[in-house]
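Undergrad: Sequence:
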Amino acid sequence: DNDSDDSLSHPDSGFDSGRSPPSSNTSFTPPPRPEEITRMQKHISMQEFGKDLQKAARCIFPNVHQSRYSNAYVLMFMWEIEDENLPVRLEIDKLRYVFEEIYHYDVEVFRIPDKRSHSKVSAKINEFVSINDDSVEDLKIVFYAGHSKLSKTKDIVWTRISKSVQKTGDKFATVTWTGIQQELQQAQSDVLILLDCCSSGVADGGEGNGVTELLAACPFGIEANGVGPYSFTNSLTIELRLLSQKKLFSVGDLYSNMYRRNQSHLHQGVANERYPPPIHLRLRSEEKFPRSIQLS
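Letter by letter, the sequence shown follows residues 11 to 306 in our numbering.
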């Protein structure tokens with residue numbers, strides 16, 4: 011029949027007469043509207059914010075009942091040949107007792123020799139940083155008591171004898187501490203530096219890892235108190251004893267207590283009387299979540 015529909019007689023036709031029509035029950039999910047996309051993005055952002063907030067809280071308040079550190083090590087420096095006018099050994103022995111017997115820290119006292127003083131101290135610091143493979147779970151504390159001065163470039167220089175008795179041209183043992191301190195700031199572990207010497211409150215904002223804080227006897231360019239009831243070491247020892255009753259406390263808490271103790275001293279009317287305030291500097295901190303070193 012010439013009048014028949016050609017489309018029905020050719021199998022190659024693009025239309026399949028046997029195909030079932032689409033079901034009216036077929037489900038179809040339309041793409042999300044712009045306002046729904048924005049709402050989902052906000053939800054994800056809030057989840058990420060919550061995670062960052064929890065991480066920050068753990069950094070600042072890692073545990074209200076337990077120290078964040080697995081181990082704490084203390085390295086104490088003094089000169090092998092002590093200045094009889096500055097007998098720091100008497101106060102160092104008391105401070106060492108507090109660290110060892112009350113806080114149960116691992117303590118070593120290093121006596122700086124007159125010969126190759128700088129290289130010996132530098133090597134000792136590198137060895138100290140390497141303890142326990144420089145673990146991020148450890149705390150390292152470095153303490154020095156003795157004479158010091160500022161160099162022309164404002165570096166702290168430890169000296170065996172007082173600047174007042176040094177004569178021009180004389181050779182005497184020195185340690186350029188500012189350069190060595192950089193090794194501590196590069197440590198993976200947290201580091202607390204305690205300096206009982208003149209001009210010790212010098213800020214060094216170099217690069218580093220972990221958290222590095224400094225407690226110093228006085229600002230730069232200022233003379234520290236000598237051995238006695240008003241010395242930095244004596245105040246440090248007393249406040250560490252008192253704060254040991256707490257489960258945890260920050261270096262900032264320790265500094266505040268030492269500052270108030272120093273501030274309460276009344277003038278006695280004696281020669282060379284001075285009460286320079288201690289200094290607390292955060293030399294290095296975690297950039298995203300700043301925190302303080304805690305002692306326990």
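Wrong hints could be hidden among the right ones.
Calculated cross-link-like contacts (lysine to aspartate or glutamate; reagent style EDC-like; alpha-carbon spacing at most 20 Å) [as the list claims (entries may be wrong)]:
(1) 134 with 144
(2) 125 with 101
(3) 257 with 116
(4) 130 with 193
(5) 257 with 147
(6) 159 with 93
Using C-beta positions, here's what the derived DEER-type ranges look like [as the list claims (entries may be wrong)]:
(7) 260 with 124: 32 to 40 Å
(8) 97 with 232: 31 to 39 Å
(9) 163 with 255: 40 to 48 Å
(10) 192 with 232: 29 to 37 Å
(11) 81 with 163: 23 to 31 Å
(12) 213 with 91: 27 to 35 Å
(13) 112 with 161: 19 to 27 Å
(14) 278 with 198: 41 to 49 Å
(15) 143 with 277: 45 to 53 Å
(16) 126 with 274: 16 to 24 Å
(17) 275 with 147: 17 to 25 Å
(18) 110 with 76: 31 to 39 Å
Worth flagging that the hints you see were computed from the coordinates, not collected in a lab. Beta carbons are placed, not taken as given, at the ideal position from N, Cα and C, and that holds for glycine.
Undergrad: If a hint holds in the structure, say so; if it doesn't, say that too.
TA: Status of the hints after comparison with the structure:
About 14 Å separates the Cα atoms of residue 134 and residue 144, which keeps this hinted pair within 20 Å; it holds. Using a Cα cut-off of 20 Å, the hinted pair residue 125 and residue 101 is violated, with the two alpha carbons roughly 25 Å apart. With a CA separation close to 19 Å, the supplied pair residue 257 and residue 116 stays within the 20 Å bound. Between residue 130 and residue 193 the alpha-carbon distance is near 14 Å, which keeps this suggested pair within the 20 Å criterion.
Restraint check for residue 257 and residue 147: the C-alpha separation of about 18 Å stays at or below 20 Å, so the hint holds. For the hint linking residue 159 to residue 93, the alpha-carbon distance of about 15 Å falls within 20 Å, and the restraint holds. A hinted range of 32 to 40 Å for the beta carbons of residue 260 and residue 124 is consistent with their spacing of about 38 Å. Taking the beta carbon of each, residue 97 and residue 232 are about 22 Å apart, not inside 31 to 39 Å as hinted.
A hinted range of 40 to 48 Å holds for the C-beta pair residue 163 and residue 255, which are about 43 Å apart. The hint said 29 to 37 Å for the Cβ distance between residue 192 and residue 232, and at roughly 23 Å that hint is violated. The hinted range of 23 to 31 Å is not satisfied by residue 81 and residue 163, whose Cβ atoms lie roughly 36 Å apart. One distance hint, 27 to 35 Å for the beta-carbon pair residue 213 and residue 91, holds here, with the actual separation near 31 Å.
Between residue 112 and residue 161 the beta carbon distance is about 37 Å. The supplied range of 19 to 27 Å is therefore violated. As the Cβ distance of residue 278 to residue 198 is approximately 46 Å, the hint placing it in 41 to 49 Å holds. As the Cβ distance of residue 143 to residue 277 is approximately 50 Å, the hint placing it in 45 to 53 Å holds. Under the hint 16 to 24 Å, the C-beta atoms of residue 126 and residue 274, about 43 Å apart, miss the expected range.
Look at residue 275 against residue 147: about 39 Å separates their beta carbons, and that is not inside 17 to 25 Å. Take residue 110 and residue 76: their Cβ atoms lie about 20 Å apart, and the range 31 to 39 Å is violated.
Of the numbered hints stated above, those contradicted by the structure are hints 2, 8, 10, 11, 13, 16, 17, 18, listed in ascending order.
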